[in-house]
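**Q** Sequence:
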Amino acid sequence: MKRLFIFLFFLMAILHTGIAQERKAPQSAKVGVNYGQTIENKPAITVKKLESSLNTSGNFSGKVTGKVASVCKMSGCYLTLQNESGDNPIMVRFADDYTVPADLIGKNVVVQGTATVRNKENKETKQLQKAITMIADGVLVIQ
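Numbered according to this note's numbering, the sequence shown terminates at residue 206, and the numbering increases by one at each position without gaps.
Wrong hints could be hidden among the right ones.
With a Cα cut of at most 20 angstroms, we get these calculated SDA-like pairs of lysine to any residue [stated by the list, open to error]: (1) K93 <-> D150; (2) K170 <-> D200; (3) K193 <-> A92; (4) K183 <-> K136; (5) K193 <-> N146; (6) K193 <-> V110; (7) K193 <-> S116; (8) K130 <-> V94; (9) K130 <-> A107; (10) K170 <-> K193; (11) K183 <-> R156; (12) K130 <-> N104; (13) K111 <-> D150; (14) K130 <-> T119.
Hints are computed from structural coordinates only; laboratory data are not their basis.
Throw the hints in and build the complete structure from the sequences for me.
**A** Listed below in structure tokens is the structure:
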């Protein structure tokens, strides 16, 4: 009986790994395509306005529009938005389990979620810099 139980346990474990779902590649970055939650291109602030809003309040919740500077090469698990200065892009991670395609680089998007600012030490100069991170519920390609 004990051997039967062990056999069934291993059989179920093997079957479970065989049934595991594969992650689908995200849809190509075309205008109007949503990733994550469906969002609309309604009132969205610019990256510059986000930076000034975070300087006063420390956090932000809403929509931000900007140009994608980079995307995670492994699985599209994050993206960065260009800011005015170009030296410290805004890191955007995703709240739910979704990814974005690598061809999103250079496209204008609307990102909906919450943003915070924190101080981060620059390893080369040992000076503190402000780092803006955003947890996004959804991304919409607008251009």
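**Q** All the hints need checking, so say for each whether the structure fits it.
**A** Consistency of the hints with the structure:
no. : hint          : in the structure
1   : K93 <-> D150  : violated, 27 angstroms
2   : K170 <-> D200 : holds, 18 angstroms
3   : K193 <-> A92  : violated, 30 angstroms
4   : K183 <-> K136 : violated, 24 angstroms
5   : K193 <-> N146 : holds, 12 angstroms
6   : K193 <-> V110 : holds, 14 angstroms
7   : K193 <-> S116 : holds, 13 angstroms
8   : K130 <-> V94  : holds, 13 angstroms
9   : K130 <-> A107 : holds, 13 angstroms
10  : K170 <-> K193 : violated, 25 angstroms
11  : K183 <-> R156 : holds, 17 angstroms
12  : K130 <-> N104 : holds, 14 angstroms
13  : K111 <-> D150 : holds, 13 angstroms
14  : K130 <-> T119 : violated, 23 angstroms
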